[in-house]
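Chains as they are written, first to last, in the working numbering: chain D, 195 to 307; chain G, 44 to 164.
Keep in mind that the hints were calculated from the coordinates and are not lab data.
Virtual Cβ for every residue (Gly too), placed ideally from N, Cα, C.
Do not take every clue at face value.
[Unchecked claim] Sample of chain D residues at the chain G side, in silico, Cβ under 8 Å: (1) Ser-227; (2) Gly-252; (3) Val-254; (4) Tyr-258; (5) Phe-284; (6) Gln-296; (7) Gly-301.
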Amino acid sequence: EAQVTQNPRYLITVTGKKLTVTCSQNMNHEYMSWYRQDPGLGLRQIYYSMNVEVTDKGDVPEGYKVSRKEKRNFPLILESPSPNQTSLYFCASSNSLRGNEQFFGPGTRLTVL
Amino acid sequence: AQKITQTQPGMFVQEKEAVTLDCTYDTSDPSYGLFWYKQPSSGEMIFLIYQGSYDQQNATEGRYSLNFQKARKSANLVISASQLGDSAMYFCAMREGLSAYSGAGSYQLTFGKGTKLSVIP
Numbered sequence: 195e196a197q198v199t200q201n202p203r204y205l206i207t208v209t210g211k212k213l214t215v216t217c218s219q220n221m222n223h224e225y226m227s228w229y230r231q232d233p234g235l236g237l238r239q240i241y242y243s244m245n246v247e248v249t250d251k252g253d254v255p256e257g258y259k260v261s262r263k264e265k266r267n268f269p270l271i272l273e274s275p276s277p278n279q280t281s282l283y284f285c286a287s288s289n290s291l292r293g294n295e296q297f298f299g300p301g302t303r304l305t306v307l
Numbered sequence: 044a045q046k047i048t049q050t051q052p053g054m055f056v057q058e059k060e061a062v063t064l065d066c067t068y069d070t071s072d073p074s075y076g077l078f079w080y081k082q083p084s085s086g087e088m089i090f091l092i093y094q095g096s097y098d099q100q101n102a103t104e105g106r107y108s109l110n111f112q113k114a115r116k117s118a119n120l121v122i123s124a125s126q127l128g129d130s131a132m133y134f135c136a137m138r139e140g141l142s143a144y145s146g147a148g149s150y151q152l153t154f155g156k157g158t159k160l161s162v163i164p
């Protein structure tokens, strides 16, 4: 089954404790992206990747890192999480820049205390 | 300036009626794509419909149609014959720098703040 998986789905952590949210897709997609969703703000793009070893900042990259060492995986790293990074995070992948080829993961709800 | 504006934070519609969700956008790029997504209370993001800036016809997908008015920079979503299952958040999004022919361009996608649609039985 074609899908984007994220782990963990729920995470409660404390300020400053490094964490990684994994994202994996099984569709051989070139494009992958991370978003955060906050009430009243919609989804905002954090980072995106056009291919292996090619990443770029979205609208809200501060406090986040990403890597794309292999095509299927695009982990999101929070080196020193802070409470303002409490949010719902989505990973997405696509083999095209248009149309309905973009698949979203199920989301990761992160709480930073 | 906001690139995507959804002016209706919440809307109600009677079951079986049609409803229009507004979306205006701001870009100086001639090549762009417009998307609508649905997010039910379960949280997943579901693609509904896509319109390219060079597409000659308004996009349609089943009960969903996109009223694309390029000169006004609006891309309103029309849902015909609303169903209870249509109750959800709806997001408009735009991708700029999209070549109409090759599909090349940036993967940067900007979302609006969303409209919460409630369908009343």
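A quick look at each hint next to the structure:
1. Because the smallest distance between the Cβ of Ser-227(D) and any Cβ of chain G comes to about 6 Å, under 8 Å, the interface hint for this residue holds.
2. For Gly-252(D), the shortest C-beta to C-beta distance to chain G is roughly 6 Å, which falls under 8 Å, so the interface hint holds.
3. Checking Val-254(D) against chain G: minimum C-beta separation of about 11 Å lies over 8 Å; hint violated.
4. Annotation: Tyr-258(D) was flagged as interfacial toward chain G, and the flag is violated, the nearest CB pair being 15 Å apart, outside 8 Å.
5. The criterion of a C-beta within 8 Å of any C-beta in chain G is met by Phe-284(D), whose closest approach is roughly 6 Å, and the hint holds.
6. Look at Gln-296(D): its Cβ gets to within about 6 Å of chain G, closer than 8 Å, so that hint holds up.
7. This hint holds: Gly-301(D) has a C-beta 5 Å from the nearest C-beta of chain G, less than the 8 Å allowed.
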